[in-house]
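Engineer: Okay, here's what each chain looks like letter by letter:
There are 4 protein chains.
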Amino acid sequence: MNDVHEIAGVPMRWVGPLRISGNVATTETEVPLATYESPLWPSVGRGAKISRQTERGIVATLVDERMTRSVLLEAEDAPTAYAATRWLDMHFEDLAKVVRTCSRFAELVGIRHEITANLLFIRFEFSTGDASGHNMATLAADALLSHLLHNIAGVSYGSISGNYCTDKKATAINGILGRGKNVVTELLVPRAVVTDMLHTTAAKIAELNVRKNLIGTLLAGGIRSANSHYANMLLAFYLATGQDAANIVEGSQGVTVAEDREGDLYFSCTLPNLIVGTVGNGKGLDFVEANLTRLGCRAEREPGENARRLAVIAAATVLCGELSTLAALTNPGELMRAHLHLERENNVSHSGAA
Amino acid sequence: MNDVHEIAGVPMRWVGPLRISGNVATTETEVPLATYESPLWPSVGRGAKISRQTERGIVATLVDERMTRSVLLEAEDAPTAYAATRWLDMHFEDLAKVVRTCSRFAELVGIRHEITANLLFIRFEFSTGDASGHNMATLAADALLSHLLHNIAGVSYGSISGNYCTDKKATAINGILGRGKNVVTELLVPRAVVTDMLHTTAAKIAELNVRKNLIGTLLAGGIRSANSHYANMLLAFYLATGQDAANIVEGSQGVTVAEDREGDLYFSCTLPNLIVGTVGNGKGLDFVEANLTRLGCRAEREPGENARRLAVIAAATVLCGELSTLAALTNPGELMRAHLHLERENNVSHSGAA
Amino acid sequence: MNDVHEIAGVPMRWVGPLRISGNVATTETEVPLATYESPLWPSVGRGAKISRQTERGIVATLVDERMTRSVLLEAEDAPTAYAATRWLDMHFEDLAKVVRTCSRFAELVGIRHEITANLLFIRFEFSTGDASGHNMATLAADALLSHLLHNIAGVSYGSISGNYCTDKKATAINGILGRGKNVVTELLVPRAVVTDMLHTTAAKIAELNVRKNLIGTLLAGGIRSANSHYANMLLAFYLATGQDAANIVEGSQGVTVAEDREGDLYFSCTLPNLIVGTVGNGKGLDFVEANLTRLGCRAEREPGENARRLAVIAAATVLCGELSTLAALTNPGELMRAHLHLERENNVSHSGAA
Amino acid sequence: MNDVHEIAGVPMRWVGPLRISGNVATTETEVPLATYESPLWPSVGRGAKISRQTERGIVATLVDERMTRSVLLEAEDAPTAYAATRWLDMHFEDLAKVVRTCSRFAELVGIRHEITANLLFIRFEFSTGDASGHNMATLAADALLSHLLHNIAGVSYGSISGNYCTDKKATAINGILGRGKNVVTELLVPRAVVTDMLHTTAAKIAELNVRKNLIGTLLAGGIRSANSHYANMLLAFYLATGQDAANIVEGSQGVTVAEDREGDLYFSCTLPNLIVGTVGNGKGLDFVEANLTRLGCRAEREPGENARRLAVIAAATVLCGELSTLAALTNPGELMRAHLHLERENNVSHSGAA
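Note that the protein sequences, when read in sequence, are chains A, B, C and D.
Once you know that position 83 of the first sequence is 83 in this note's numbering, the rest is easy, because the numbers rise by one and skip nothing.
Once you know that position 55 of the second sequence is 55 in this note's numbering, the rest is easy, because the numbers rise by one and skip nothing.
Once you know that position 71 of the third sequence is 71 in this note's numbering, the rest is easy, because the numbers rise by one and skip nothing.
Once you know that position 17 of the fourth sequence is 17 in this note's numbering, the rest is easy, because the numbers rise by one and skip nothing.
Treat the hints with caution; some may be incorrect.
Computed cross-link-like contacts, DSSO-like style, restricted to lysine-lysine with a CA-CA straight-line distance of at most 30 Å [as the list claims (entries may be wrong)]:
| hint | chain 1 | residue 1 | chain 2 | residue 2 |
| --- | --- | --- | --- | --- |
| 1 | B | K49 | B | K204 |
| 2 | A | K204 | C | K97 |
| 3 | D | K49 | B | K204 |
Simulated coverage check for chain B against chain C, where a stretch passes if three residues somewhere in it have a Cβ under 8 Å from a Cβ of chain C [said to hold, decoys possible]:
| hint | segment |
| --- | --- |
| 4 | 139 to 152 |
| 5 | 172 to 178 |
| 6 | 199 to 213 |
| 7 | 327 to 333 |
Hints listed in this document are in silico derivations from the structure and should not be mistaken for laboratory results.
Using N, Cα and C, we set each Cβ at its ideal position, and we do this for glycine too.
Go ahead and model the full structure; you've got the sequences and the hints to work with.
Structural biologist: Now the structure itself:
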């Protein structure tokens, strides 16, 4: 394998601006979306335009953040595993110190454990500054694991990752215990805007959301995934900002809520598993640096602030695309027509630009 | 929004070659992987090298293929919805004709339906030639939906997509009923190769697979996702070949099986939801065309043959990365050391190449 | 172990009558409920009373019925497993004949299969007359398994049950592919009845249903279980009618839908996994025979008719209890007061009657 | 509805004795099982006999206990919901005091919360002495809810139960966060006993467990349910001891682990959701009192000790039945023959005894 690599050039456009407020950032910003699916651009663009029709725009509330890694220990038997958990519960501070030796930015913020037979799964939770924290968490977990193996009797190495983290698989644990940033976005769309720009009604969107996103996914045997297409927006945003885009797997799990409030539309997307960072792998590429800078996520701030800003922008972008698609779905034929029209158009521009 | 877009340049390398046999293709081919996570390249590379130590290489068996779209109808009540399902069961041939009018390549191959309250979810299944088929399926579903609304009394439009498809959300239905290509890959690794190239034993990998991939994911509340990191390989492969990479969400759902067969390692990855195509969105980009051509997936063949070839190559790539990672995880510290080493190296080459 | 056994005497009351119509039965019948949780009786009783305020009562639509058993075969490898599935797809009629030799009542109605690695899971679906069919299905699957082992090369016995059935575990497959009776119940409650007898509004119940049953269960990581407490009603009904009450596990999976229709309440419970029978284990006990007879489920009818009647009565009973509880939950404090009051009362009657 | 009720007489037998040790109880005790499925008795009986072939018998480790109730609050918006969670995190002690005013036995031991849109789900965790604690938890949650509504601005009543508890529905949250007793049982069966009494090998059982319980359930779309039939044993045990047997729904979720340890069989059942008590509803019935007394669960002990003893006996009973069935399944035809034989026998005894 040589050191030179080629480039897969994914078409990218800036869309917006989106208007955003909330406990992390009050801003108006365009967002870069890299995708092979060109209809995504105008779809998010429509949502962004709607956000600008309201005073506060999309209110994005960051309610939690942590990165996780689970290690697996094999104990001699369940009583030994149980003794180990009691040891863990008593030595949190010691373990927090171990973590601090690994990294300037990683901080242990929680530990959960579960025993099955003689197996002990331990899920470490860290704050990781501006990094999404995959590697920082693995490095810290590695040190913690060594510490445990030296200090707890009757346990041996199982795995540095026990799938109880959970990375890049859709599970319930990430939403329940937290992994990545947990961001709730809300937008109150006035009735006139629903009518004029979305060509539908709040009641229709609310009804569709219950039937498609909640009941439809439930019947399909989904797991914490009541939405239409969060994965599309996240993929495009992650690629454009140098994220590990395989994390759209857990990112795809989130809940859309829509309510008819006397004709106005209350629309909300909750994304409990947003894995994003502004430093680390992928962030050194020139276009990524440029994009992060333009998004205002490379400013001099307290560690973590840039990443939180990126998270709420990502979440607001998801809301824009979700709103636009759900509105289109309330009108028979609209989605199909939009796709056919846009792809015809974009195939032209593709061949010109690619 | 102007017609010109920028490019998000994702670093890409060719890895391999992989040795593949089975009911679709017997070949030895390198594969392109576009990713920000550089350790993926040597990881897949190691798996590929192992595949070449065996005569048949990775045996990839394609066992099913279909693209789906679910529509949602609102019926007056459940008896009306039930009457509609009986109508559907009696008119399959008529509906197949409707589909043929939409597309040269789409063919209706199955219908499933489920009633909840007065809601009727209908999941149409199509063969779609060499396309992954998202748009073809939506176009056909649109025509079918119009046909149903004209021919069945007491039902009205609910949605062109009812999340019972299911696209880009992790659910159980895709694995149970099929969506995309379903490919089983198998590799029998001789004991000596396990020792020399993976530095572990078949027994250790088998045990880890049960504890991490099966039990660990189960405890995390996963859904049909007993593997370590299929999503990583799929993302990189999908980006490099112009796929809609948001489909790694359902692609991440699959099952790794590992067995100790008298010291030899039986290793298998089943990927029931591989959504890939060789024509359609994204395939017109120059580098994508070049990559597909180099993979032998742009040859003159029967419709569908190129896409099936692409699917088994994708699946074999997943096996390579999965095997390499699981082997590394059996050795305390190996994964961490590999990551640290590689990222240091690659950061250099990144800054040189990007 | 001696031949004599004792009796666990579970308190039982008849509640109702419920008014029921639909494609199986038009009837008004009381229902027996055996439970240690006495508040269940007045709760179902209230729902029953409401059913009688409407002309058609609870409309129960049976949309499917089948009993299943999955067998597990080990194949030499995936290609062999795949060949086996093609054999299966071509020999349905032969297999149906095998089943007919096992039982007068069992009839093969469907086969589904799934391959993972070299493992082949085959899910046989049967109609089983008036029996719930556990044993009939196992007996038939046993014969089918022998037939397969004799006729397909390269496969060997894995298990007579592969958990892909799925019996007494909550899974997605039973709802998606069917197991037991699938019954949809609907009740349109006039606004005045909602006000006077449920002390709430249709809008409040609809909103609560979305938030608690759909969103709440989703966040908890539930699987096809959007309801409040189907399991309570099913347990009591199953015990009183001699069913295998462990099947409440899959019975607990179902979906409640509530809509505000201009002040009237549309209320529906879909129970896709009702496992009931009127003959077989447990049905020979004196009180069970008496109960089934009083329910009109021991009449001279075509095979299957009695069991279908029992299924729709069970489903209607579930609706009564679900409606009553959801209504109570819309009023702060009501549920708590009702429980405290009833348990005090019933403790008295218990000590008198037990 | 009159005050007198009838009795549903479920056939009950005492089986065993089982040999049990561990951190709760060291005992040898028979167990009462009430069921319509007579093959359950000899199946559990065989497991019990095996437990007595080993010195320590079944080692049952209780690793956690708590009862839960989730309440649902509607906040004005997500920022208000988030402020409420911060209030909760700061006022644990105040809330613990509120609980103490409700009950002598209830003690608040944990709080978890999750925000979706403007909805706030709060899961309260309690220790509840010897009661299973459904009503105690609801009573305490009711008081807590009132307290919250008085002390937190901008939130209003949603529901006293938000399905995030989760009661009688299969979800992931109960296993991950805990609900009921969490008991791990282990039994090391010597090779000779595996051969002579189970007529199989440790390797065969271990292999079957992976394929059926882990892979089979996973493919079926199960949720934390890697076992063969925990629900059967729990139902029979719960009915015989006056439990709310609808809790077998979450009880059915647990994990069987089997390993071949040089010919000996390591066999373990982890039951994270055992909801049992020795006081409360159903416990006043004469036969229940007698059964609990005979089980040694009505002794003068510290509050909670009797319930914990009952829990480990329940869990050990589950292991006995699970082991026996899995062993039988490794031998083609054995299960079928056993069922046919036993039901013939028992039909006779039924007609005599019922």
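Engineer: Against this structure, judge whether each hint is valid.
Structural biologist: Taking the hints in turn, this is what the structure says about them:
1. B:K49 x B:K204: 21 Å, holds
2. A:K204 x C:K97: Violated, because 51 Å separates the two Cα atoms, which is more than 30 Å.
3. D:K49 x B:K204: 33 Å, violated
4. 139 to 152: Since three or more residues must qualify, the claim that chain C covers the segment 139 to 152 of chain B is violated, with 0 doing so at under 8 Å.
5. 172 to 178: holds (count 5)
6. 199 to 213: Our answer is that it is violated, as 0 residues pass the Cβ test (under 8 Å) against chain C, missing three.
7. 327 to 333: violated (count 0)
Violated hints for the displayed structure, listed by number in ascending order: 2, 3, 4, 6 and 7.
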